[in-house]
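Trainee: Those sequence lines, one after another, are chains A and B. Per the working numbering, the first sequence starts with residue 54, numbered consecutively. Per the working numbering, the second sequence starts with residue 54, numbered consecutively.
Simulated from the structure, these hints should not be mistaken for lab results. Predicted, not measured: the structure shown is a model, and the values here were computed from it. By construction, the Cβ of each residue, glycine as well, lies at the ideal position given by its N, Cα and C atoms. Heads up, a few of these hints could be off.
[What the hints assert, rightly or not] What follows is a list of derived Cβ distance ranges for each label pair:
{"hint": "1", "chain 1": "A", "residue 1": "GLY358", "chain 2": "B", "residue 2": "ARG85", "range": "51 to 61 Å"}
{"hint": "2", "chain 1": "A", "residue 1": "ARG200", "chain 2": "B", "residue 2": "PRO285", "range": "25 to 35 Å"}
{"hint": "3", "chain 1": "A", "residue 1": "ARG200", "chain 2": "B", "residue 2": "VAL367", "range": "50 to 60 Å"}
[Unchecked claim] With a cut-off of at most 35 Å between alpha-carbon atoms, the simulated DSBU-like pairs for lysine-lysine come out as follows:
{"hint": "4", "chain 1": "B", "residue 1": "LYS262", "chain 2": "A", "residue 2": "LYS332"}
{"hint": "5", "chain 1": "B", "residue 1": "LYS104", "chain 2": "B", "residue 2": "LYS223"}
{"hint": "6", "chain 1": "A", "residue 1": "LYS104", "chain 2": "A", "residue 2": "LYS75"}
{"hint": "7", "chain 1": "B", "residue 1": "LYS302", "chain 2": "B", "residue 2": "LYS262"}
{"hint": "8", "chain 1": "B", "residue 1": "LYS75", "chain 2": "B", "residue 2": "LYS138"}
{"hint": "9", "chain 1": "B", "residue 1": "LYS75", "chain 2": "A", "residue 2": "LYS138"}
{"hint": "10", "chain 1": "A", "residue 1": "LYS138", "chain 2": "A", "residue 2": "LYS302"}
{"hint": "11", "chain 1": "B", "residue 1": "LYS332", "chain 2": "B", "residue 2": "LYS262"}
{"hint": "12", "chain 1": "B", "residue 1": "LYS223", "chain 2": "B", "residue 2": "LYS262"}
{"hint": "13", "chain 1": "A", "residue 1": "LYS104", "chain 2": "B", "residue 2": "LYS332"}
{"hint": "14", "chain 1": "A", "residue 1": "LYS302", "chain 2": "A", "residue 2": "LYS262"}
{"hint": "15", "chain 1": "A", "residue 1": "LYS75", "chain 2": "A", "residue 2": "LYS332"}
{"hint": "16", "chain 1": "B", "residue 1": "LYS138", "chain 2": "B", "residue 2": "LYS262"}
{"hint": "17", "chain 1": "A", "residue 1": "LYS332", "chain 2": "A", "residue 2": "LYS223"}
{"hint": "18", "chain 1": "B", "residue 1": "LYS104", "chain 2": "B", "residue 2": "LYS353"}
{"hint": "19", "chain 1": "B", "residue 1": "LYS75", "chain 2": "B", "residue 2": "LYS302"}
{"hint": "20", "chain 1": "B", "residue 1": "LYS262", "chain 2": "B", "residue 2": "LYS75"}
{"hint": "21", "chain 1": "B", "residue 1": "LYS223", "chain 2": "B", "residue 2": "LYS353"}
{"hint": "22", "chain 1": "A", "residue 1": "LYS332", "chain 2": "A", "residue 2": "LYS262"}
{"hint": "23", "chain 1": "B", "residue 1": "LYS353", "chain 2": "A", "residue 2": "LYS138"}
{"hint": "24", "chain 1": "B", "residue 1": "LYS262", "chain 2": "A", "residue 2": "LYS262"}
{"hint": "25", "chain 1": "B", "residue 1": "LYS332", "chain 2": "B", "residue 2": "LYS302"}
{"hint": "26", "chain 1": "A", "residue 1": "LYS223", "chain 2": "B", "residue 2": "LYS302"}
{"hint": "27", "chain 1": "B", "residue 1": "LYS223", "chain 2": "A", "residue 2": "LYS332"}
{"hint": "28", "chain 1": "B", "residue 1": "LYS353", "chain 2": "A", "residue 2": "LYS262"}
{"hint": "29", "chain 1": "A", "residue 1": "LYS223", "chain 2": "A", "residue 2": "LYS302"}
{"hint": "30", "chain 1": "A", "residue 1": "LYS353", "chain 2": "A", "residue 2": "LYS75"}
{"hint": "31", "chain 1": "B", "residue 1": "LYS262", "chain 2": "B", "residue 2": "LYS104"}
{"hint": "32", "chain 1": "A", "residue 1": "LYS223", "chain 2": "B", "residue 2": "LYS332"}
{"hint": "33", "chain 1": "B", "residue 1": "LYS138", "chain 2": "A", "residue 2": "LYS302"}
{"hint": "34", "chain 1": "A", "residue 1": "LYS75", "chain 2": "A", "residue 2": "LYS223"}
{"hint": "35", "chain 1": "B", "residue 1": "LYS332", "chain 2": "B", "residue 2": "LYS104"}
{"hint": "36", "chain 1": "A", "residue 1": "LYS138", "chain 2": "B", "residue 2": "LYS223"}
Single-letter residue listing:
Number of protein chains: 2
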Amino acid sequence: MTTVNTMRAISQDTLGGPEVLKEIEVERPAPRPNQVLVRVRAAGLNPTDWKHRATGGFLGEPPFVLGWDVSGVVETVGIGVATFKPGDEVFGMLPYPWGHGSHAEYVIAPVRALTHKPASIDHIQAGALPLVSLTAWQALVENAELRPGQRVLIHAAAGGVGHVAVQIAKARGAYVIGTASAGKHDFLRELGADEVIDYRETDFTEAVKDVDVVLDTLGGDTSVDSLRVLRPGGIVVSILPVGSDEFDKEAERLGVRALRMLVDADRAGMNAIADLVEKGELRPTIAGTFPLADAAEAHKLGDTGRTTGKLVLVVD
Amino acid sequence: MTTVNTMRAISQDTLGGPEVLKEIEVERPAPRPNQVLVRVRAAGLNPTDWKHRATGGFLGEPPFVLGWDVSGVVETVGIGVATFKPGDEVFGMLPYPWGHGSHAEYVIAPVRALTHKPASIDHIQAGALPLVSLTAWQALVENAELRPGQRVLIHAAAGGVGHVAVQIAKARGAYVIGTASAGKHDFLRELGADEVIDYRETDFTEAVKDVDVVLDTLGGDTSVDSLRVLRPGGIVVSILPVGSDEFDKEAERLGVRALRMLVDADRAGMNAIADLVEKGELRPTIAGTFPLADAAEAHKLGDTGRTTGKLVLVVD
């Protein structure tokens, strides 16, 4: 419990492993114009959290509070906010950079980052969706303009972004090929994948061809190799925003397209995601939940990269 | 002319009249992730500029650079920007607060605030549109959900927001009633207004009834009086985000809706505006243009409130 003007938050004073995370009590922030204060009910964890914890990334030097996913209840609204009122259930992804994140009891969010939480999912599911779903949506729909009948290859298709991307691609009417270790193939087929490839046994560049769109969640050699399975004019969208020049050069040589992107907060995308949820076409898989105070434990598990589905902090 | 790493900007060290504005040379900023640096070609002026110049508003204490409207050319892109590339012509409205504004040679903008400039308008027209069009769009379409055949009353319909709102409402198939002084009635009819009211001669609460949506650009007594011309369930959207409690209380008493909003940067809205422009359904009226160095002159003219249409700074 905290007093009325403070809140608990997971903060860090130094960069490092999960052990640098600690629960602190800080002043509860007030929303500025076109912002709302959200009482966090659940907040997903993502690789961007481990990376920022360890490197500072876009946030620079600590102290900062991590967390880009949020599902919760509007507590107060800033000047000019007409879209939401206190008590509304909302979910969304915070923009980069955002150093006072959602791994806390309350978080400030720009109203354009949020939309109404679908009634058909709970806060844990809603808190797991925003960053991975927006990433997949912006990669497949906004950037690649995926159309019905197109062939899409999704790397690490059982991962956080991957398992959501499979569902979004199927909802768009695409033919979906996913890579994953053999133990996750049943999971991928349940999500709707049409073909599954065991990347440990099979070189995907031999097994797949004539692909229209590749969603590259791995980077490195995978980015460049992915260009070789495209049909002429096809596109690889890498969700790792920086990498080698070879990606662009090889794409030009092959007559295909190579695009790097960074997911961006956006209500229009969140509305599209909420629509898919309401239609029953999109659900997150929850690998585990942790109370806010155990954020370091969640980071430890996330750091292993061995979970299937999403880790979520639950704030009571 | 400036050296390669600097730029000219209109800044102020103190709050006050137009005379506090001065041209300075500052370092050219670099875009952060999901931002672009735009070479400004034209930047509209809005009442929010005079207000912030005089009061600080959402920006607090100077120094700051004003300007929320921008039309220009992408110069460089930040990490993760897949939507735009250098050389793209873009336009949009910067978010609140934004203390390093568009009244400069270059401006940093979040990519989600921008969209591609329609080829059918020049930078002066594109630089005049964003803030007023987004205001009208968010008021009439997003918040009031204006439908074909509905009756809409637009106050100060010949003003910056008003003259754009008339066109947007007509494009939505609404029946449009506008208030303006008699000298501007021909202008309103050319824009498509179905009825015009001379607010100096006529009490609009006597002349109009059964209105579905009122767009209130004036505030004060007008906000409250506007509630009285609504049909049951109708809505007044005030674009002045703060005001008296009487607005809400009287709305509740009358069984109508009262909403206050503050315009917010948004690509989805900019896309809708660009579509209307491409269809020939939306054009700004330009009251005058000024070179960047004469920003103070533009503020002086804007402060009078006597212009019909938009003032725009042109950056060579």
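Trainee: Mind listing which of the numbered hints don't hold for this structure, in increasing order?
Mentor: 1, 2, 3, 4, 9, 10, 13, 15, 16, 19, 20, 23, 24, 25, 26, 28 and 34
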